[in-house]
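Heads up: the sequence lines are chains Y and A, in that order.
Throughout, my numbering is defined as the position within the first sequence, counted from one, plus 6.
Throughout, my numbering is defined as the position within the second sequence, counted from one, plus 166.
Rather than coming from a laboratory, the hints here were simulated on the basis of the structure.
Some clues are possibly wrong.
Subject to a maximum C-alpha distance of 25 angstroms in a straight line, what follows is the list of computed DSS-like cross-link-like pairs (lysine-lysine) [as the list claims (entries may be wrong)]:
#, chain 1, residue 1, chain 2, residue 2
1, Y, K30, Y, K16
2, A, K325, A, K268
3, Y, K162, A, K178
4, A, K268, Y, K91
5, A, K317, A, K296
6, Y, K158, A, K317
The model shown is predicted, which means the values in this text are computed figures rather than measured ones.
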Amino acid sequence: MKDLNFSNDKFNKLAEKLKSGDKKSGEEIFNYFSPLIYRFIMARVLNRGVAEDLTQDVFVKVVSKIESFNENQGNFSGWVWQITKNSLIDYYRDKKETIFTDMPEGMENMFKAKDVIISRVKIREVMETVKNFEESDRELFSLYYLSDLPYKEISKITGKTEGSLRVAIHRLSKKIRGIFK
Amino acid sequence: MFKFIKQKLNNKRQEKAKKEYLKSIFEPRKEFLNNSRPLFLNEVSKKYGASFRQPIKINATNLVFRYAIGVVAMLLFIASGASVYANQTDVDSQSPLYPFKKLNENIQLTLAPKDKKTDLYEKFAERRVKEINSLVAKKSEKNSEEIKIRKEKLKEDFKNKINKIEEQNNYSGEKTIIVENNADSSEQEIEEVKNETMHLKLCNLDFINVENGDGELFWKKTEKLEKFKEKCDRVKKINSKQLEIDNNKNTNKEKNSSNEEEIKKVED
């Protein structure tokens, strides 16, 4: 799990360096968070273009608001996730509804899992399943399955207890069982 | 039990595989990440511009250590400059730079080769005498007590230097004689000492004679003087001859003047 390599302390130190304009720290932050944030947003908006725009928007906000980050009030990881969530809220408020678009041509070739090419049909199936999730399930799905965050982190982001999260994940796993058949 | 553990491990493996599978579906394009990274870094540059300098990795101990080195280096620089100045201008014992002069002397003594040490001790002993006399000259009712203390210190240092000379040269026998003129010394006594040492002064030997004044100090290193006895005798002879010549001149003058008087009388 990536969080084992990136402790909260390390994130906080990187954030402090970014505050003074250290590009190297910025790059490290981007390399770690960008795939996680993209997957999280993608699972919510189910649109590649929107997910990419929103991901970029999140990082612009991270730079512009970095001075407001205070490690005494919480860790950097939680702060970034909060910005991501707020960006999504802003997006939904502006668009009112999520637009699901078809996968662009040739997209199936981009997705590989352990050298297995995932078919376009399968991707559509996964997207449809996620689309039918409730908002809270979609959030949990993206945080647990796509961003691979531990329960402790998800608990901080969602405000739910670890126990209730375990129950919710168990239910969610049943819902996505069909994907893996 | 074993089955249970195996089952648990299997479930964990399956869960991980599911995650990997789903992640790969929602994975961002590499092009997107490659293009977004410079955009993000550009935002950082735009915000902070050229003001950012890569911070030097120093911890608090390093910082204190660096400051300490800086301060010590600065102090050494000032001390060395002041000591050279104090040494060259031969400041007196009341000058604030006097400790630097002593520092310079100590450094010179430490660094000097063995055969040069005696010369240096003699030079510095001579300095102490000069300083004592300079101090005595400045003596007034107000600062008499302070001067007395300083004088004692200088005398002590002077004695140390002489002892060092003796140690260096393995002198034996009569030790250094310090004759000090004090209020009780009669004028005759002072004159005696002066006369006794006058010819030695001409020999430019280990003898320091100082001008008249309260606290007048004489230093005679009898052991060493003997080494120059011949030279001194020669000087003595020259002096006595000079005296004879002078006396003759005087007697001739007297004779001439008496003759002139007789001539005058005869003329009258």
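Violating hint indices (sorted, rising):
4 and 6
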